[in-house]
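Listed below, chain by chain, are the residues.
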Amino acid sequence: MIRFLFKGLIRDRNRSLIPFIVTATGVMLTVVFHAWMTGVIGNSIEFNARFASGHVKIMTRAYSEYAGQSPNDLAILGTDTLTDLISSEIPEMEFAERIYFGGLIDVPDSRGETRAQGPALGIGIDMLSGGNTEAERMNIPSSLKSGGLPRNSNEALLSSEFADKLGIIPGDEFTLVGSSMYGELTMHNFILSGTVEFGTTALDRGTIIADINDVREALNMFDATGEILGFFRTGTYNDEEATLIVNRFNEKYSSPDDEFSLLMKRLAQQNNMGFLVEYSGKLKGILVSVFIVAMSLILWNAGLLGGLRRYGEFGMRLAIGEEKGHVYKTMLMESLIIGFFGSLAGVALGMVIALYLQNHGIDLGIMMKNASVMMPQVFRARITPETWYIGFVPGFLSTQLGTLLAGIGIYRRQTAQLFKELEA
Amino acid sequence: MKRLIALIIFITGYLSLNAQYPDAKKLLERIDQNMSSENRVFSSSMIIHGRRTTHTVKLRTWTAGEEKSFTEYLFPVREQGTKMLKLEDQLWIYSPSTDRIIQIAGHMLRQSVMGSDLSYEDLMEDNKLTDQYNAKVTGTETVDGHQCWVIELTAFVTEIAYHGKKLWVDQERNIPLKEEMYAKSGTLLKRTELSDIQRINERWYPKKIVFRDMLKEGDGTEFIIDEIEFNVPIEDHIFSKASLKK
Chain P
1 MIRFLFKGLI
11 RDRNRSLIPF
21 IVTATGVMLT
31 VVFHAWMTGV
41 IGNSIEFNAR
51 FASGHVKIMT
61 RAYSEYAGQS
71 PNDLAILGTD
81 TLTDLISSEI
91 PEMEFAERIY
101 FGGLIDVPDS
111 RGETRAQGPA
121 LGIGIDMLSG
131 GNTEAERMNI
141 PSSLKSGGLP
151 RNSNEALLSS
161 EFADKLGIIP
171 GDEFTLVGSS
181 MYGELTMHNF
191 ILSGTVEFGT
201 TALDRGTIIA
211 DINDVREALN
221 MFDATGEILG
231 FFRTGTYNDE
241 EATLIVNRFN
251 EKYSSPDDEF
261 SLLMKRLAQQ
271 NNMGFLVEYS
281 GKLKGILVSV
291 FIVAMSLILW
301 NAGLLGGLRR
311 YGEFGMRLAI
321 GEEKGHVYKT
331 MLMESLIIGF
341 FGSLAGVALG
351 MVIALYLQNH
361 GIDLGIMMKN
371 ASVMMPQVFR
381 ARITPETWYI
391 GFVPGFLSTQ
401 LGTLLAGIGI
411 YRRQTAQLFK
421 ELEA
Chain V
1001 MKRLIALIIF
1011 ITGYLSLNAQ
1021 YPDAKKLLER
1031 IDQNMSSENR
1041 VFSSSMIIHG
1051 RRTTHTVKLR
1061 TWTAGEEKSF
1071 TEYLFPVREQ
1081 GTKMLKLEDQ
1091 LWIYSPSTDR
1101 IIQIAGHMLR
1111 QSVMGSDLSY
1121 EDLMEDNKLT
1131 DQYNAKVTGT
1141 ETVDGHQCWV
1151 IELTAFVTEI
1161 AYHGKKLWVD
1171 QERNIPLKEE
1181 MYAKSGTLLK
1191 RTELSDIQRI
1201 NERWYPKKIV
1211 FRDMLKEGDG
1221 TEFIIDEIEF
1231 NVPIEDHIFS
1241 KASLKK
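Sequences listed follow chains P and V, in order. If you use our numbering, the first sequence corresponds to residues 1 to 424, in order. If you use our numbering, the second sequence corresponds to residues 1001 to 1246, in order.
For the record, the hints were derived by calculation from the structure and aren't laboratory data. Take the hints with a grain of salt, since some may be wrong.
Stated by the list, open to error - Between beta-carbon pairs, the in silico distance windows are:
1. P/112 <-> V/1237: 16 to 22 angstroms
2. P/364 <-> V/1131: 53 to 59 angstroms
3. P/90 <-> V/1141: 55 to 61 angstroms
To be verified - Where chain V lies over chain P, by a calculated footprint (3+ residues, C-beta under 8 angstroms):
4. 45 to 54
5. 109 to 119
Glycine included, C-beta positions come from ideal geometry on N, C-alpha and C.
Model the full structure from these sequences, guided by the hints.
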């Protein structure tokens, strides 16, 4: 029976081509859209997590109130033992201490006086204790534009654009003028080990990255850190699990009466990331619903048109005694075949486009030029296991739904009228 | 007729009320005689009460007129040897740990010194009030048992950190016991309390000033003059960049 119907569909392309194209196009669009949105949202979430918020972040309660200003006078103290303790209590996460700071980068002339100067945003991360976990997490090795990573104490990286503006190259010395955690003016000399370009305006405008212990020395922050960032060992953010960890941690360590007690926040509670996280969770549902409704309407219409075109054929089949139910069933079987192959073709085509967008991405740097939110400049699609079926299932189902609705007309045909219709 | 009598009573009352107040400009001159000098050399301690900790910074400062100032940090050890030179609106800082002289931009002069409630301008400038403000005596109040004139000052120069000031000036010693500093918008920026007033040579001078930056949290900064000399000869080379590295 299926073979018979299949042959019919192949030989009579008018019967199959339009529904096939409609299904394939819809599925392809869904696959590409899903991969693109997953990629864009995922890129933004992970980018923020890696550079700023972590999957969870620990601060003092006082610090968290002004976290955007990195108020290191309100930093966490006693971090020598604290981070190890937290790591043992929350083994599903990896913790990293970071110090974010602001300051001036001052470049000396031959007499040691100011030649060039510019404001900088600084990040102190673990770069010298062995292993490059933090550097790799922040994608620093592959963002190197010149020179290399800091290998010795008092070496630092500057964003490439900033170094060019200041007129310095790897090997040159510069001074960080900052403010200690006690508010004192501090100065510390660094040697430029290399320059980096992240492709993000917020980071490329004026960033200094140095080993956290050098930053501690520079800012008089011994045994202290501004923030402790936690990352799931799986590498991806899980809001439900993060919520459980945050609640457990805050119950133990946080007290509203003590402004210097610790407070943990999950990614979704920081930098207005909540919307993205929520949207990311609902994306699948939104896509599937929109697709099924839209495609069903289109295919219903296509089915009606097909039904009209095959009006005579159905009339003849009913007139020679074929059951209405059987005609209806064969229509559904045909749409099953069209739905299956159309969806398959749509998935294949969509995956090719999604793969291209995943590997090459689209540079939206111009749109992100003055963005205050930390966003990557090049957005890429992301193919997940979901991408494989997110279009196929609704594509297949909507073809059926469309035919189910269009085929109802068969039951309205009156046997008594059939020969009159055929004569006409 | 009734209106005329009322007007006469009002004018007489107003004039007699004002007659009780001294001339504001003369009062400012008397304050300047106490607080300002051709030059001064002083050692001071800043006890900075931060939100979390209290720390002390000790300084020695040479000031000549309104535009030259040189400060050396004596304590804590980490800051020892750090020097600052201010010439007009330019500031250079030398730190021995980096062996660098760094020029700080003009607007940084209004930043906090070492996390205290004082700005570089507060610490390093000695401007006469009469050169910057118009004054009006608005009333009398008692501060710490001393009868004070309340004076409101409005700046007539543009490049100034505090557009307005309100002073409570001791009527006997002609020295402010309390000050409030305002931005042009009317926002209260700082509040100071001056105490331990001592007779030094021919002037009254406060040996302790508590600064409170109203825009930040913390319990203020005690600025204590440990030693002060007025109008002593200061060699010119002190106010040169060469002296920063000495």
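Hint-by-hint comparison with the structure:
no. : hint                                 : in the structure
1   : P/112 <-> V/1237: 16 to 22 angstroms : holds, 19 angstroms
2   : P/364 <-> V/1131: 53 to 59 angstroms : holds, 56 angstroms
3   : P/90 <-> V/1141: 55 to 61 angstroms  : holds, 59 angstroms
4   : 45 to 54                             : violated (count 0)
5   : 109 to 119                           : holds (count 4)
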